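Residue numbers (our numbering), protein chains in the order written: chain A, 70 to 455; chain B, 758 to 1210.
Keep in mind that a hint or two might mislead.
To be verified - Capping the alpha-carbon separation at 25 Å, the derived lysine to any residue pairs in SDA-like fashion look like this:
1) B/1096 x A/103
2) A/439 x B/1061
3) B/797 x B/1096
To be verified - Listed next, the stretches of chain B that the computed footprint assigns to chain A, with coverage defined by at least 3 CB atoms under 8 Å from CB atoms of chain A:
4) 826 to 840
5) 1057 to 1070
6) 1123 to 1132
To be verified - Residues on chain B that point at chain A, a partial pick, calculated with CB under 8 Å:
7) 931
8) 1104
9) 1105
10) 1139
11) 1175
Derived by calculation from the structure, the hints in this document are not laboratory data.
Small disclaimer: the values here were computed from a predicted structure and weren't measured.
Where is the CB? At the ideal position from N, CA and C, for every residue including glycine.
Here is what each chain is made of, one letter per residue.
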Amino acid sequence: MVSRTRCMPIRAAIVAVVSLAAALPAGRAGADEPRGFLETVHKHITLTTTVPDNGDQNPYALVVAPVSAGKIQAGDVLVDNFNDLSNLQGLGTTIVDFNPSSRQTTLFAKLPRQLPPCPGGVGLSTAMTMLKSGWVIVGSTPSNDGTTRTKGNGCLLVLDANGQLVDSWAGADINGPWGNMAVTDNGSTATLFVSMAGFDVPGPQVRDPATGYPVTIAKATVLRIELAIPPGKPPAIKSRTVVADGFGQRADRDVFLIGPTGLALGADNTLYVSDALGNRIVAIADAMTRTGSAGTGREVTQGGLLQRPLALIMLPNGHLLACNARNGQVVELDPATGKQLYAQWIDTNQAQSPPGNGDLFGIALKPDGKGFYYVEDDMNTVMEAR
Amino acid sequence: MQHDTGPRASRRGLLAAAGGLAAAVGFTARAAVPEAAAPKPRSAAEDFWGVHQAGIVTPAQQHTYFAAFDLTTGKRDDLVALLQTWTAAAARMTAGQPVAPAAPDAYAAASDAPAPGGQASGAPASGGQAADGYAPASDTQSPILDSSETLGQDPARLTVTFGFGAGLFEKAGKDRYGLAALRPEALVDLPRFNGDQLVPARTGGDLSVQACADDPLVAFHAVRQLARLAYGAAEMRWAQIGFMSRPADGGTPRNLMGFKDGTQTPQQIDKVVWVGDDGPAWMRGGSYMVVRRIRMALEHWDRTNVGFQEQTMGREKLSGAPLGLKDEFAPLGLDRTDKDENPIIAENAHVRLANAVTNGGAEVLRRGYSYNDGVNFTAERWPPWRQGMEYDAGLLFVCYQRDPRTGFIRIFENMAKFDMLNQFVTHTGGGLFACPGGARAGEFIGQRLFVAT
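Looking at chain A on its own, in the form it has when it is part of the complex (with noise of 0.2 Å):
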């Protein structure tokens, strides 16, 4: 596949020039020293689609391979789909890796619909990493008819390197495990930090009366996982706490489930949340040490240009990039002050309202920490940004 370079149309450009002057303080334009990230980013180019030969849609999780391993090289793209070839939520069971030297995408893994350890089957969602020792850990949010009315609890998913199935692991702090994770990783140890947003979600038909939306049920949690990585075995859990809980989950007809998302740990070990329903981003303390959970955290911002953030990452500069589900922004904001410093169109499809709007989810910082990796759900394809 080649990889082509898009054109931002025109009048979704002016439109991102004026949210981002909007978004600038007032004399500080014109600063030689680039205040943030977005600024140095001005190319938006396609890389590949997403959608294997069995049609599976929806690209959520975004990862780069860190080692080079069985059918993956190092820098490798890894991208799973959420949606079957019928568009059906959480019926999604494969993952494409893109080679970005080749610009070749091959087909990672294709895993069974139905998967008796993995309660309620297999529906691939934005949680997913690849260890340096080589294992893909793939969360699975599944449904059998789209919606979360048929959801299971799911599970995470412990692939070799050659995409095969190896381990999976559910249980009752397992359920829905839905945005993206953070990590780190010392080769025999790791720590994953997982979001889940299923538990005791309904259908979307279960009405709210006072909002007419889907009820929402405050009992998302983040569970942390620490592993140990004997040489040449699978990864076994050492131990699981939930570090965050009490976070707005709610059903949704169009997106099937909206929760806390995106996850990413700062230097100090604290951990930032994207709290999508509260539309705000939240810090959890002591992520790495705390032996409970600190609740829903410390506010770090909300709102703004904030329109209900998903996947997050860290930026070399400390400051962290959310995805808008609401439109196709990325937002940058230092966490130390809690200071949203612009957002930048990356998707400006016109085809929804406000551009871009639902077509944004994983992101993945490019190896050189100089652009990112991010997906869009209307066309189906991995993008970069640079």
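Given the structure of chain A, go ahead and fit chain B onto it with the hints provided.
Okay, now just chain B, sitting in the frame of chain A:
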């Protein structure tokens, strides 16, 4: 019925013709269609017999009735007889005559050409037959020879174009007619393209019939007669009506998205369309037809602004000119960039991805029609995933090429993945058919395929 449209001024007619021959290529239409190809008056008759089947490079008529048939007979002789009967009937109807002369005896006698396999029936010569072809009203016992709804109609430039699907050669592992070894390499099974939502009930078929005419009744009449004549040998699998409305100035017709469709057409028809010596003898002078029923999310499209529609398409909506230019027939200028060096015509714009330059020179001759089948319940496939009663309307895409592997498949593999327009269109049916070369008077369509074995 009287037609009020007389012969058009040749220039207007020429432009209309160019519009009908929609194409995915980078040359201007003005030079592409020779004067000789200008459409005849609405009331005129097209030639049926010839080196090529009519209805391929024939300037597009305003209406089509496409039908795909499944063969139900297991006998080769029945298949041959069907093709003979269809050929004779199509030749007569093309000439504006009823499907058969009044008496069966007269019909049989009309053929003086021996048919393969010792069949007595054959193809009557076109023209020159004055028989009215209808059973006398008093003769209620006679079999129906023609359903009569076009009684008194002009030929309306009717063309009937026949195609052979893969099922003619082999179906479910069975070589029903001793033809499996003769299946051309180019008659591949179309791959599954990204985004395909093909419905089996609107996909495939062993035989195809594309009837086109400047009158919708004439087009339907033709298929109706052929379907009846096929009783016992083949049955209808699916059908699709299409239409094309021309602007009063004779310019390029617009599709249901409101954009001119068909500004560009291949310059080298012989090279692009007709199978040459590289194909089997029976396909020489023939062409491969890809048909796709493409539903458009018109409600979704209608809620987007024109600027975005133009960027998606890569053309100006009103003039049809390449984005940022004024002349409809100007070269696309794909290398043009703005001050930030972003391309004026977006990398994933429809016209760029369809263009020969983007596809290693691959070209097809498009001959599509709009379709409109009312409304039904649907769920849009893209954000914001609207659900409800929506128009089942769009494009009956038809294209012809000498080899689909280097034509439609080559072009559409990429478009199916990246075309911005995909957000508004869904392919719901279609097929690939090998349309044999034309028949000379006395032959039947595809005769050389059967002679070959």
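Checklist line | Hint numbers not upheld by this structure, sorted from lowest to highest | finding: 2, 3, 4, 6, 7
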